[in-house]
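**Q** As given, the protein sequences belong to chains C and P, one line each in that order.
Mapping the first sequence onto our numbering, position 81 (from 1) lands on 81, and the numbers just tick up by one.
For our numbering, count along the second sequence from 1 and bump the result up by 1000.
One or more of the hints may lead you astray.
Listed below are the simulated DMTMM-like cross-link pairs for lysine to aspartate or glutamate, each with C-alpha atoms no more than 25 Å apart in a straight line [what the hints assert, rightly or not]:
(1) Lys105(C) - Glu1099(P)
(2) Lys54(C) - Glu1099(P)
(3) Lys1057(P) - Asp24(C)
(4) Lys108(C) - Glu42(C)
(5) Lys38(C) - Glu1052(P)
Hints listed in this document are in silico derivations from the structure and should not be mistaken for laboratory results.
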Amino acid sequence: DQQVKQNSPSLSVQEGRISILNCDYTNSMFDYFLWYKKYPAEGPTFLISISSIKDKNEDGRFTVFLNKSAKHLSLHIVPSQPGDSAVYFCAVSYGGSQGNLIFGKGTKLSVKP
Amino acid sequence: KAGVTQTPRYLIKTRGQQVTLSCSPISGHRSVSWYQQTPGQGLQFLFEYFSETQRNKGNFPGRFSGRQFSNSRSEMNVSTLELGDSALYLCASSRDNQETQYFGPGTRLLVL
């Protein structure tokens, strides 16, 4: 059974608008949450993370929101750029360990000029 | 600083054979994790090594094994290959498992 779900396999957004990628998890013991971006033929690249003691973390155009009661994580990209087109994975861990991440299946974001 | 490197990048094997994949972590990183990515299952954790010791293991059969050397380089081995083992195998390294992992480009394995 999937512990981390990204229910939208794909998302298309116009350049300059906001992209919102969502992720749901099942286990309240998860305490660290990450987003990775992946281009074809490359490994995932770390984007941004948040610990369970926070509900928001920003880094430039990227903001991650955590709603612990809903077990829901989202990534906002503002403004979206064509270079943001990639597959985005959310990942979770527990016990402070990032050595064995549990990943969602990914959302393919397409940003159209 | 050089990133995580994986060799080979592409590999074709036939059912029943075995394969060894190699990963060189970023200099100074002692934790190495392996993941399998397939279209159906997504990215799944295989195992993690730290200072030559396996620290965590995912839910994969015993045909999948790994090891880490004193210089932190790691290898994973898959014996008696099955068609379903066709996947992208990704290696990630970090200073220790409390810190962000950085991924290599992966080895794409095709089993015929």
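**Q** With reference to the structure, classify each hint as holding or not holding.
**A** Here's how the hints hold up against the structure:
1. Lys105(C) - Glu1099(P): The hint holds at about 22 Å.
2. Lys54(C) - Glu1099(P): Given pair Lys54(C), Glu1099(P) holds - Cα atoms ~17 Å apart, limit 25 Å.
3. Lys1057(P) - Asp24(C): holds (24 Å)
4. Lys108(C) - Glu42(C): holds (15 Å)
5. Lys38(C) - Glu1052(P): Between Lys38(C) and Glu1052(P) the Cα gap is close to 29 Å, so the pair fails against 25 Å, i.e. violated.
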